[in-house]
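> So the sequence lines, in the order shown, correspond to chains A and B.
124 is the number of the first residue of the first sequence in the working numbering; add one for each residue after it.
124 is the number of the first residue of the second sequence in the working numbering; add one for each residue after it.
Hints should not be assumed to be uniformly reliable.
No distinction is drawn between identical chains; accordingly, a pair holds when it is met within one copy or between any pair of copies.
Said to hold, decoys possible - Below, simulated SDA-like cross-link-like pairs (lysine to any residue); rule was C-alpha separation at most 25 Å, straight line: (1) Lys-266 / Gly-289; (2) Lys-130 / Ala-198; (3) Lys-254 / Arg-221; (4) Lys-130 / Arg-221; (5) Lys-359 / Glu-243; (6) Lys-332 / Ala-219; (7) Lys-254 / His-188; (8) Lys-130 / Asp-264; (9) Lys-266 / Gln-172; (10) Lys-130 / Ala-219; (11) Lys-359 / Val-189; (12) Lys-266 / Ser-235; (13) Lys-266 / Arg-221; (14) Lys-254 / Ala-219; (15) Lys-254 / Glu-347; (16) Lys-332 / Leu-320; (17) Lys-359 / His-188.
Hints in this document: simulated from the structure, not taken from any laboratory.
Protein chains: 2
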Amino acid sequence: MAADPLKNIRVVLCETAHPGNIGAAARALKTMGLAQLFLVAPERYPDPQAEWLAVGATDVLRRAHVCASLDEALAGSAFTVACTARPREVAVPMVAAREAAARIVEVARTQSVALVFGNETYGLTAAEVGKCQLLATIPADPKFSSLNVAAAVQVLAYELRLAAWGATVRNRSGEPPEHATHEEIERFYEQLERSLLEAGFLNPRNPKKLMARLRRLFGRTQLEQEEVNILRGVIKTLAHPKKKQQR
Amino acid sequence: MAADPLKNIRVVLCETAHPGNIGAAARALKTMGLAQLFLVAPERYPDPQAEWLAVGATDVLRRAHVCASLDEALAGSAFTVACTARPREVAVPMVAAREAAARIVEVARTQSVALVFGNETYGLTAAEVGKCQLLATIPADPKFSSLNVAAAVQVLAYELRLAAWGATVRNRSGEPPEHATHEEIERFYEQLERSLLEAGFLNPRNPKKLMARLRRLFGRTQLEQEEVNILRGVIKTLAHPKKKQQR
Chain A
124 MAADPLKNIR
134 VVLCETAHPG
144 NIGAAARALK
154 TMGLAQLFLV
164 APERYPDPQA
174 EWLAVGATDV
184 LRRAHVCASL
194 DEALAGSAFT
204 VACTARPREV
214 AVPMVAAREA
224 AARIVEVART
234 QSVALVFGNE
244 TYGLTAAEVG
254 KCQLLATIPA
264 DPKFSSLNVA
274 AAVQVLAYEL
284 RLAAWGATVR
294 NRSGEPPEHA
304 THEEIERFYE
314 QLERSLLEAG
324 FLNPRNPKKL
334 MARLRRLFGR
344 TQLEQEEVNI
354 LRGVIKTLAH
364 PKKKQQR
Chain B
124 MAADPLKNIR
134 VVLCETAHPG
144 NIGAAARALK
154 TMGLAQLFLV
164 APERYPDPQA
174 EWLAVGATDV
184 LRRAHVCASL
194 DEALAGSAFT
204 VACTARPREV
214 AVPMVAAREA
224 AARIVEVART
234 QSVALVFGNE
244 TYGLTAAEVG
254 KCQLLATIPA
264 DPKFSSLNVA
274 AAVQVLAYEL
284 RLAAWGATVR
294 NRSGEPPEHA
304 THEEIERFYE
314 QLERSLLEAG
324 FLNPRNPKKL
334 MARLRRLFGR
344 TQLEQEEVNI
354 LRGVIKTLAH
364 PKKKQQR
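If we strip away everything but chain A, and leave its shape as in the complex, we get:
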């Protein structure tokens, strides 16, 4: 019962022909925090081409489980999902990748889940799809919907990570930026207006007109505290150059 649902998700590649795709899939998994790779009857594995494309994910690649059959790769999974570009005749429900990821992560919080990808050329057979409980498909251009298998693994792994951990982004310090408060921004506008009036840039009879446009501009940017301080420094310096002050 892993605290990290991604650790309960195995990705199964069926009869992959090109070892480069196995390596690239290993890298795709590792970037998203997944680590369980299962290979059903790979054409060439291990292979230097796989190592080369795995780049820093050779650990995931080398720990891959090689299986003789899909049944062997699915053993122990409580939920099995097949990823396919093609609408199927089989009576397995189909959902978009995003919804599939949400369902997978929900199950993976307590049980093992398998996500299955087919061969580069012929995909998954009807029998293979029939062993799965859900079909996941990546919305694509219907005129050219064939993603490379490692690219499809990357998209699904990405959706799984977002389903598990959300789409939060941290800035350099690891903390979300401190947005400026209303008062800080108002003081900035007051200073700006005063300075522009003094400098003769605003029409004293209608100073609000240009200020409204400037407010619209800055209002769109969600100013951070530090940025407001910088802007105020800029205005102060422009209005009262340091050289002049030093005289």
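For chain A, the structure is supplied; the task is to place chain B on it using the hints.
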């Protein structure tokens, strides 16, 4: 003023070292309905390796614009977004890929947008990032956040397609499945209950108990009209086998 915002989005690859990545990026774009590829000083282009990995997207690959500088590739774009794995020192705001895609598509409904990717090894320089108005980042495992550049193009292109057209999935006939109506489902349950009672499977004094469990089971599946018909056929046949009827 394209009706399809994806046609207004160009993807710019800066100083790509491996031609295979250029080909794979072309394929990634085409699967998502994008077609404008710009290459800033690629190491090798054209190249058979790029053709090989583009598979059915050689049209996108061959129409790629080769530029000497990033400025040349950005000319005419009203919104420029840099995709990067690394938090940056530069004063460009950073958002997750999904939010970036929403903003890009909004602008691309009326104007040209550029999405910029860096070299495989050293990414984008600070000067290159500085030419962009927004940083987009793909949420990844902080311990190993380096996606292959074509894989990153695939994820962003996927998010752009979803932002433009939504995550709808169509079944084989191209029509959304016809969900069964409440009445159809109720008639199915009535038939099921009657048949199970007749068959002695339900406790006549408390037939509702097992029916409630069966309702919960089928209730989760969002039955389609056709499926209800199939289920009713199954029950009818089981309760009154055709062989028996023929006798």
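> Looking at the structure, which of the earlier hints fail to hold?
5, 6, 11 and 17
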